[in-house]
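Taken in sequence, the protein lines are chains B and X. Counting from 1, position 189 in the first sequence corresponds to residue 189 in the working numbering; the numbering is continuous, with no gaps. Counting from 1, position 311 in the second sequence corresponds to residue 311 in the working numbering; the numbering is continuous, with no gaps.
No lab work stands behind these hints, which were simulated from the structure alone. Careful, some of the hints might be misleading.
To be verified - Cross-link-like lysine to any residue pairs, in silico, SDA-like; alpha carbons within 20 Å at most:
1) B/K188 to X/M60
2) B/K195 to X/N153
3) B/K195 to X/V106
All values reported here derive from a predicted model rather than from experimental measurement.
Listed here are the chains, written in short residue letters.
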Amino acid sequence: MKFKQLGIFSKASVIWLGIVMFMVVFGQWIPLPKPTNFDIDAMGVGLFDSLKHPLGTDSNGYDLLSNVIRGARPSMLISLISVGIGGLIGSTLGIISAYKRGKLDYIVNTLFNIVLSVPALVLGLALVAVLATNPDPNIEVPTSRRVIVIILSLTIVIIPILGRIARGATLSWSNREFVVAARSMGMKDSQIIMKHIVPNVLPAIYAVAFLAIGVVIVVEGSLSLLGVGIVDGVSWGSMIARVRGDLEYAPHSMIVPVVVLALTVIACNQLGDVLRSQLDSREGRL
Amino acid sequence: MSSLLSLSNLRITFDTPRGQLAAVRGVDLEILAGESLGVVGESGSGKTVLSRASMGLLTMSTAHRSGTVVFDGQDLSTASREAVRDTWGTGMAMIFQDPMTALNPVRRIGSQLSEGLRVRLGMSRKEAKKRSIELLQLVRIPDPEKALRKFPNQLSGGMRQRVMIAIALACNPKLLFADEPTTALDVTVQAQILQLLSDLRQELDMSMVLVTHDLGVVAGHTDKIAVMYAGEVVEYAETKELFANVRMPYTEALLNSIPRLDQKSSGRMAVIEGRLPDPTQPEPGCAFASRCPYVQEKCQVEHPELQKADNGHQFRCHFPLGVAR
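Same shape as in the complex, but just chain B (with noise of 0.2 Å):
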């Protein structure tokens, strides 16, 4: 599949997304107001209102722009870690299972239900509540720890959700008489997950895994707006809640970053859905 082929908006997916991996890579050293200065003269700067802050400030003279472009790196990071990790051990999870079946497997998939029963939101909060916090409220938690504790619950989450689509893609596909025939070869079990298996299930373990990246940015912006993610305002998700006091002055405050993070879960998106549509369509291609 060439870039040239894709449609209008599987194309715009990819820009938006090269932008922001753009900022996540090289945003400090791009020339803009420091998002850490306030610019006293220029507090609650519309959109587009002035050269200087083309995505105007809030009501405390921050730079939105380069907020929003600092702010990309924890929130691309902290989602593509977590999905990274949790993909890793629940495909592993989910394709051992599935193969073995029996015991291992209920085993298995019993522990992925607990698991997604439990909202993730009340698991991150659980999870920083007891891992992040310090009894002595005077005693600041280092930001490291709770990036730490935000990582580890989204990767508790997004575990039995990758874990449980590869479970199923391996239960049809270890079906498949190509297994058996690989057996009857004398092929081991473990050549067989890795060469006959494996290479079947990665489509749709991609395509979810894009959905979850989206999901998983989402979540992280909501525990920052309710107070336990990255506490400095740093990430898409905090910038939402510290300005959420001047929806009335300065809604454009808002809507700079809410925008941001919705195209991005939208791209990933999409990405997602054409991800699998031709990784999965190679068997009826001709």
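Starting from the known structure of chain B, arrange chain X on it as the hints suggest.
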């Protein structure tokens, strides 16, 4: 000739919600080195289960096997999983019914073909590629180098079945199970594939078990024929002897149900009325009794034993055909 595979009193049962399903009920068979055996029977008579069980491929927890399987002097029913696996590919190999589902759709022919060579024979990438090309030439695939880079969906049904045969032959098996190798193909391709299997068997000096529901398929391509019905061998003889002196009413019914050109095309096709007995409900008498045109009282109550004539012709019938009754 020495015995290559011998099954004795092989029974396969499956646990089902309706009780124990006896798919294979006490089969004794012997396959000599270099010999080809046709296993014939209608759907559900246990042909496929028999061939998979002889290889040991039935590993689901609901399948139970009793009896012994001796392959090349080694008792597979008591051997370890690893020892059984070592016989797969190099000792016994199988060609599957539907070449569409038996090939992995997302991997190229070349990598699927060289897989067995590299894993089982420890060949290098280069050697495996060379051998893959030879194998594809052996199964008469034109332009083998190009075919190696194709995906299964880019080949026709006949070509796919040839690839399956090449994969099965990759590690020079002594015994090849062909489980309805032509059922998914059209008639002209069927003839080609059968001829190919016959030729290859003689070229490579293999034994072959050809499983099919079509007596016409086995007629020209096997040395011996075993007819199966309801999980039992009901008639077993050399191919010529079987067609010349049918003893078992079921075999006769099978032969009669082959459509003929000299029949009136307007008439009803000859069929065997009724259906297979329920494999979860064993009956005391002959399994074919309810459908047999020659049925007598004894058939309903007493299970016939396998009788052996002097020329090796075996049949399971109280009142065999061609004998005064």
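(message) Under the constraints set out in the numbered hints, which ones does this structure not fulfil?
(response) Structure breaks no hint.
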